[in-house]
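S.K.: One letter stands for each residue in the lines below.
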Amino acid sequence: MELICPAGTPAAFHEAVDAGADAVYCGFRDETNARNFPGLNFSREELKQSIAYAKSRGTQTFVALNTFMRAGAEEIWYKGAADAVASGADALILADFGLMAHVAERYPQQRLHVSVQASASNPDAINFLVDAFNAQRVVLPRTLTIADIARIGKNIRCEMEVFVFGGLCVMAEGRCSLSSYATGKSPNMNGVCSPASHVRYRKDGGELVSELGEFTINRFPAGEAAGYPTLCKGRFDIADSNGYAFEDPVSLDVMGELEALKAAGVKALKIEGRQRGKAYVAEVVSTMKAALNSPPERRAPLLARLRSMSEGQKTTSGAYEKRWR
Amino acid sequence: MQIPPILSAPLHMIPIPLIERICRLMFGRIAKAHPGLFERLDEHREKRFAFLPTDLPLAFVVVPGRQEISVLRKPVDVVADCVTEAPLFLLLALMEGRCDADALFFSRDLSVTGDMEAMLAMRNALDASNIDLQKDLAKLAGPFAPIARRVIGEVRDRALKDQMRPAGEAAAWN
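For the protein sequence lines, the chains are F and H, in the order given.
Using the UniProt record's numbering, the first residue of the first sequence is number 1, and each one after it goes up by one.
Using the UniProt record's numbering, the first residue of the second sequence is number 1, and each one after it goes up by one.
These are computed hints drawn from the structure, not numbers from a lab.
Please note that a few of the clues may not be correct.
What the hints assert, rightly or not - Here are the simulated lysine-lysine pairs, BS3-like style, with alpha carbons at most 27 Å apart:
no., chain 1, residue 1, chain 2, residue 2
1, F, 48, H, 161
2, F, 203, F, 262
3, F, 185, F, 154
4, H, 161, F, 314
5, H, 135, H, 161
6, H, 161, F, 289
7, F, 185, F, 203
8, F, 203, H, 74
Since the structure is predicted, the reported quantities are computational estimates derived from the model, not experimental observations.
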């Protein structure tokens, strides 16, 4: 199985390639990118240079243009696709059907991957994208069990890529409106989930308080590991109880299920984390590569050291092994 | 790794203008070695970024667009757009991109307040810059550059080793 690794900057890109990534995914510094964070991402020139570096090491580059086009501003996405193709991207990761249609028509030779943001999570939806736009791979959402993935795999006509490590989105990606509800901005349209412009941290006694817009997301007592300020991982007062309504601050790790994923027909394993630093990318990619090359019984000790870098310093297999409450 | 009080105590005595002069010299050297350093800051270039090492009696305020750095003695109410607090060695490791800021935030070794857009842009600009303090600053020592390089390298290696937590401290959730 291929290891698909994240990069938010050229420095992180080099780390991912050097650490043994089979492919690196990245995006432009604009709203075409679902990780459109301040100071992050690639200029056109940086992308060109990074792709050249990757090619020299036998690594592929996938360019994510995975937000939904704004009516009347489609040219921004079309230009992004044209520049990514011209730079030699091995695949474009797309979410918007209109953009898929444009790419399929203008660049029929270009490999097209369906982004997790497209919310294609059943054989009918996936096969439609294969037939209509010649999609060659689908990135599945983190809401499916391994049994679901195996069932889908038997009934689709393209490759499957799944997230195995990093941030855990528990929502129907591409359709989640929680961030929009709190801030007016979303990963789907603006490329930002819980935009930094609306995030505030403050200290209240010994507690760390995180706020998003007008909502208090969490209060972490002294010594408790912290998490991202996302509504889906907030701790709220609900009726008489206080707790996590959707999911705890926790990261995904299903590297313990590699054999099952392989048997399910998964072609590529994806690491989340384009917003993370190059130190994280280097450590995670080299550890995952070592784990992939190790017998199953040796993987757990290797991967344990990554937990301290994870959100909430905890990991979960999430929906892949549906065992939670 | 924390700076022991016995080593940070002399900083109470050294005049601020002298510390500021040294800091400006170092800042200038780094900016010269990395001319594109703050290109990623965009509209945040003129903002005031405060860095408060928790193990030093000093605070540092940087305005990247003006290549300006000021030093304040604690306790002080810093006037800044955003404030980052962590032990000095972690702040330096972040400057070099040798530690992941999110991981340090999760473990509560790092705290941030204020304008998060500006702070995020600064974090990403530094992470993209390939700053190497050993290489960039040793030259300031003139003929003693080789010794300075060795000392900076050894201190850095020790600090980073110290930062690596033993496996098993964190937990699997299910």
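S.K.: Work down the list of hints and note, for each, if the structure agrees.
M.R.: Hints, verified against the model:
{"no.": "1", "hint": "F:48 with H:161", "verdict": "violated (35 Å)"}
{"no.": "2", "hint": "F:203 with F:262", "verdict": "violated (46 Å)"}
{"no.": "3", "hint": "F:185 with F:154", "verdict": "violated (37 Å)"}
{"no.": "4", "hint": "H:161 with F:314", "verdict": "holds (22 Å)"}
{"no.": "5", "hint": "H:135 with H:161", "verdict": "holds (20 Å)"}
{"no.": "6", "hint": "H:161 with F:289", "verdict": "holds (22 Å)"}
{"no.": "7", "hint": "F:185 with F:203", "verdict": "holds (26 Å)"}
{"no.": "8", "hint": "F:203 with H:74", "verdict": "holds (18 Å)"}
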